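> Going down the list, the protein sequences come from chains C and S. Using UniProt numbering, you'd call the opening residue of the first sequence number 1 and step up by one each time. Using UniProt numbering, you'd call the opening residue of the second sequence number 1 and step up by one each time.
No lab work stands behind these hints, which were simulated from the structure alone. Being a predicted model, the structure only gives us computed values, none of them experimental. There could be a bad hint or two in this list.
No copy is singled out in the list; a pair is fine if it fits within one copy or between any two copies.
[As the list claims (entries may be wrong)] Listed below are the simulated EDC-like cross-link pairs for lysine to aspartate or glutamate, each with C-alpha atoms no more than 16 Å apart in a straight line: (1) 11 / 87; (2) 11 / 71; (3) 11 / 58; (4) 103 / 4; (5) 11 / 40; (6) 103 / 70; (7) 11 / 28; (8) 11 / 105; (9) 11 / 68; (10) 103 / 40; (11) 11 / 81; (12) 103 / 27.
There are 2 protein chains.
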Amino acid sequence: MSADGFAALPKPPYYAVIFSSQRNGRDEPGYYATAARMIELAQRQPGYLGVESTRGADGFGITVAYWESEEAISAWRRHAEHAAAREQGRSDWYDHFELRVAKVERAYGWDRQAP
Amino acid sequence: MSADGFAALPKPPYYAVIFSSQRNGRDEPGYYATAARMIELAQRQPGYLGVESTRGADGFGITVAYWESEEAISAWRRHAEHAAAREQGRSDWYDHFELRVAKVERAYGWDRQAP
């Protein structure tokens, strides 16, 4: 994640993993430590492109991670520490989540500061 | 958007429009009124499937709208009131946004309450 929240991405095509989740509000320190660790680990994976993430005061959050390929997504899914974090997400942190894997076909951006 | 924040979607394939934005913090009433109106209008469009949206205290937000087809996305883009809202977004409400159009290929969910 860049300092301003936006991922700097190459031109499409690439893949997006859209993760929507409802936190149960418990164990904020443990949750945030693991979330930060997962981003740190993901950044070191082959094919990682970037991530954008936000969560409202109601505990509903959306994280979109961007990857070069389906193969990169599968490899990250098999990472042992990531698998353990997913398991803890089910047992301790989330009430509900939905995950969608999508191929980004086109993209467009706008920045007030852009020349 | 369903009461709990999650969109109830059919099985893939379908399309996702991932809209990431940084609010400038100005005109909260006008922004929220228009955001609510856009969801109300989008729900009446052919091919609309659902939306999930959240924004953190820092003003960074992610909205993902789901559509049956590229044609449905294009038709919504041409809606006059939507076009006017996008123009006002640039002039009044956002510092930066990124929009990505993606084809959802697979999806998976988990709910603590599920039987």
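> Each hint should be assessed against the structure and marked as holding or not.
Hints and how they fare:
1. 11 / 87: neither (33 Å within a copy, 24 Å between copies)
2. 11 / 71: neither (19 Å within a copy, 22 Å between copies)
3. 11 / 58: neither (34 Å within a copy, 27 Å between copies)
4. 103 / 4: neither (24 Å within a copy, 26 Å between copies)
5. 11 / 40: neither (23 Å within a copy, 32 Å between copies)
6. 103 / 70: Answer is both; intra-copy 9 Å and inter-copy 13 Å each pass.
7. 11 / 28: neither (36 Å within a copy, 33 Å between copies)
8. 11 / 105: within (9 Å within a copy, 20 Å between copies)
9. 11 / 68: Within one copy only: 11 Å inside, 24 Å across.
10. 103 / 40: neither (23 Å within a copy, 27 Å between copies)
11. 11 / 81: Result: close neither inside a copy nor across copies, 30 Å intra and 29 Å inter.
12. 103 / 27: Intra 34 Å, inter 35 Å, cutoff 16 Å: neither.
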